[in-house]
Amino acid sequence: MSYEIKNVWSVLLRLFHWSLVLSIVTLVVTGLYINTPWTNTTLEGSVSFPMATMRYIHFLAGYLFAAAVMVRLFLYIFGNRQERIFDILPVTPRNFKSLTTTLGYYSYLSDKHDERLGHNVLAGIVYIVTFVAALFQLSSGFYMLYPEAAFWQGLGGSIFGTQQEGRFLHHLLMWYFILFAFVHVYLVVWNDLKSPEGLVSSMFNGKKFKHKNV
Amino acid sequence: MQEQASKIDMNPDISRRGFIKSCTVAAAALGLSEAMIPKLVEAAESAQRPTVIWLHFQECTGCTESLLRGSHPDIGRLILDIISLDYHETVMVPSGHQAEKSLHDSMEKNAGKFILVVEGAIPTADNGNFCKISGRTAMDILAEVAPKAAAIIAIGTCSSYGGIQAADPNPTGAKGVRDLVSGVPIVNIPGCPPNPITFLGTVLHFLTFKRLPNCDNLGRPLFAYGRRIHDHCERRAHFDEGRFAEEFGDFGHKNGYCLYKVGCKGPETFSNCPAARFNDVDVWPVSVGHGCIGCTEPNFWDSMTPFYERLPNVAIPGTGIIADADSAGMKILGVAAAGAAIHAVVGIAKSKIKGKEKRER
Numbered sequence: 001m002s003y004e005i006k007n008v009w010s011v012l013l014r015l016f017h018w019s020l021v022l023s024i025v026t027l028v029v030t031g032l033y034i035n036t037p038w039t040n041t042t043l044e045g046s047v048s049f050p051m052a053t054m055r056y057i058h059f060l061a062g063y064l065f066a067a068a069v070m071v072r073l074f075l076y077i078f079g080n081r082q083e084r085i086f087d088i089l090p091v092t093p094r095n096f097k098s099l100t101t102t103l104g105y106y107s108y109l110s111d112k113h114d115e116r117l118g119h120n121v122l123a124g125i126v127y128i129v130t131f132v133a134a135l136f137q138l139s140s141g142f143y144m145l146y147p148e149a150a151f152w153q154g155l156g157g158s159i160f161g162t163q164q165e166g167r168f169l170h171h172l173l174m175w176y177f178i179l180f181a182f183v184h185v186y187l188v189v190w191n192d193l194k195s196p197e198g199l200v201s202s203m204f205n206g207k208k209f210k211h212k213n214v
Numbered sequence: 215m216q217e218q219a220s221k222i223d224m225n226p227d228i229s230r231r232g233f234i235k236s237c238t239v240a241a242a243a244l245g246l247s248e249a250m251i252p253k254l255v256e257a258a259e260s261a262q263r264p265t266v267i268w269l270h271f272q273e274c275t276g277c278t279e280s281l282l283r284g285s286h287p288d289i290g291r292l293i294l295d296i297i298s299l300d301y302h303e304t305v306m307v308p309s310g311h312q313a314e315k316s317l318h319d320s321m322e323k324n325a326g327k328f329i330l331v332v333e334g335a336i337p338t339a340d341n342g343n344f345c346k347i348s349g350r351t352a353m354d355i356l357a358e359v360a361p362k363a364a365a366i367i368a369i370g371t372c373s374s375y376g377g378i379q380a381a382d383p384n385p386t387g388a389k390g391v392r393d394l395v396s397g398v399p400i401v402n403i404p405g406c407p408p409n410p411i412t413f414l415g416t417v418l419h420f421l422t423f424k425r426l427p428n429c430d431n432l433g434r435p436l437f438a439y440g441r442r443i444h445d446h447c448e449r450r451a452h453f454d455e456g457r458f459a460e461e462f463g464d465f466g467h468k469n470g471y472c473l474y475k476v477g478c479k480g481p482e483t484f485s486n487c488p489a490a491r492f493n494d495v496d497v498w499p500v501s502v503g504h505g506c507i508g509c510t511e512p513n514f515w516d517s518m519t520p521f522y523e524r525l526p527n528v529a530i531p532g533t534g535i536i537a538d539a540d541s542a543g544m545k546i547l548g549v550a551a552a553g554a555a556i557h558a559v560v561g562i563a564k565s566k567i568k569g570k571e572k573r574e575r
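Order-wise, the sequence lines are chains A and B. Here the numbering used here is used: the first residue of the first sequence is 1, the next is one more, and so on. Here the numbering used here is used: the first residue of the second sequence is 215, the next is one more, and so on.
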């Protein structure tokens, strides 16, 4: 039972990951505030701008989120082997097998663990869905931020309809991201306990421990 | 010029001063410079007043009521000086066959030149049987009159986008004019009701420049629907500074704080209400303490309700249940947490049963 250290995640991917974490947490907290402001000052002229401040932080975090999504798109095409999109789509026999093996492993139906360097394909598919959700979240967000700009009005109007419909989808997708973050953290910890390979720390140092015979 | 001015002076109800004032208000609404006012006046007082045919379909006559209460221009000045209103069921003198005759006479005489104003949605289900005037369906009447018009003004949200009749499940198949007519320029003046100033501005724009004003992607003139209500609201400072009415009649409401938390849809709605205001007494819903309900937007009966909450409810697929978006989100998250807990417990139970032998790999 000997292990070797493998380099898996590039610096750019790790930066992407933690930017995404930071932006999602910030966006959810400030977004919930913007939807249902829980402070209600009654003192007028009190030099406090809670809504304006929350909106400002929300927009900053939104730009960070947009940058992170663009970096991920770059890595899907130009990243290392584990980061490219064809490594995580069930388009090859090897990847399709990874999907079925992982489904069996996660549901305790089999003990066979698909030991891969990068993502397993089930996770990969969920990340693609999340990537598409992020594109919708970004376009609905910019549609609301620049309602009078012809570009966003045309794009948002044709995808979402009115501002209110864009806002509604923006809000529902927020719940998708909360759900995704919860399930993601649970499964990463679960995997780390079940088959130790340094999965959690790999997102900090980019390295995984793999069995030598694999 | 002198003749026309004296012609106007002959009508005791209409002063020259009031007439110029109307044109100035319209120029301001259109965002035109004061240098353009003489051109608007010239267009409005030309001897050849444009013929207007006004059709009523599925509607409440609220748009007409709003126009009757307008003061810039008042209805008398509008139909005596600015336009020639040949057919309008609410204000016309003839009735029955005489009314139908005046519609057809005017339509034939001014074919290709008249402005058609449509008020109310057009039902299309069951061949349009839900709305009939003198034995003919609204669909038939529109199909006959619309191609002969020079331009169509859809006044009100119903004729623009279907309005309340088109609210889910839309039993009569109500549609707006733009869904049924093509080949004729159409401008939408949505609102429930729209501001008469916006209507006058559009008419004067057409008279002065011989074309309809620039519109957004929903066919609404940009001079009136180019900006968001929220960005011009007199309560906006309260929004930014976090002062909200929590419920109607509370401290914040009495002090004129922002109505966002009691469901105001100003942030999602495009209209000139905060600038143009209504009825010559400078009021609009938000100024009298009621949030905007988003009446100038398509599907507002579906997407803006509940009117006193920020977001529409979520329909949970396959259950017929509708719920508040946040409580639905919390429940789904709860189910996911329960699922994760069960998953973890199953894993622990399984490893207890199977023992530790798996570890020795």
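Bear in mind the hints are in silico, worked out from the structure with no lab data behind them. Model, not experiment: these values are computed from the prediction. Each hint should be verified, as a subset may be incorrect.
Claimed, not checked - Per the computed footprint, the stretches of chain B lying under chain A, defined by three or more beta-carbons under 8 Å from a beta-carbon of chain A, are:
(1) 450–464
(2) 471–480
To be verified - Below, simulated DSS-like cross-link-like pairs (lysine-lysine); rule was C-alpha separation at most 30 Å, straight line:
(3) A/194 x B/253
(4) A/194 x B/424
(5) B/315 x A/194
(6) A/207 x A/112
(7) A/112 x B/566
(8) A/194 x B/346
(9) A/97 x B/545
Glycine included, each C-beta is placed from N, C-alpha and C at the ideal position.
Comparing the hints with the structure gives:
no.: 1; hint: 450–464; result: holds (count 7)
no.: 2; hint: 471–480; result: holds (count 3)
no.: 3; hint: A/194 x B/253; result: violated (81 Å)
no.: 4; hint: A/194 x B/424; result: violated (76 Å)
no.: 5; hint: B/315 x A/194; result: violated (86 Å)
no.: 6; hint: A/207 x A/112; result: holds (23 Å)
no.: 7; hint: A/112 x B/566; result: holds (18 Å)
no.: 8; hint: A/194 x B/346; result: violated (72 Å)
no.: 9; hint: A/97 x B/545; result: violated (34 Å)
Violated hints, listed in ascending order, are 3, 4, 5, 8 and 9; each of the other numbered hints is respected by the structure.
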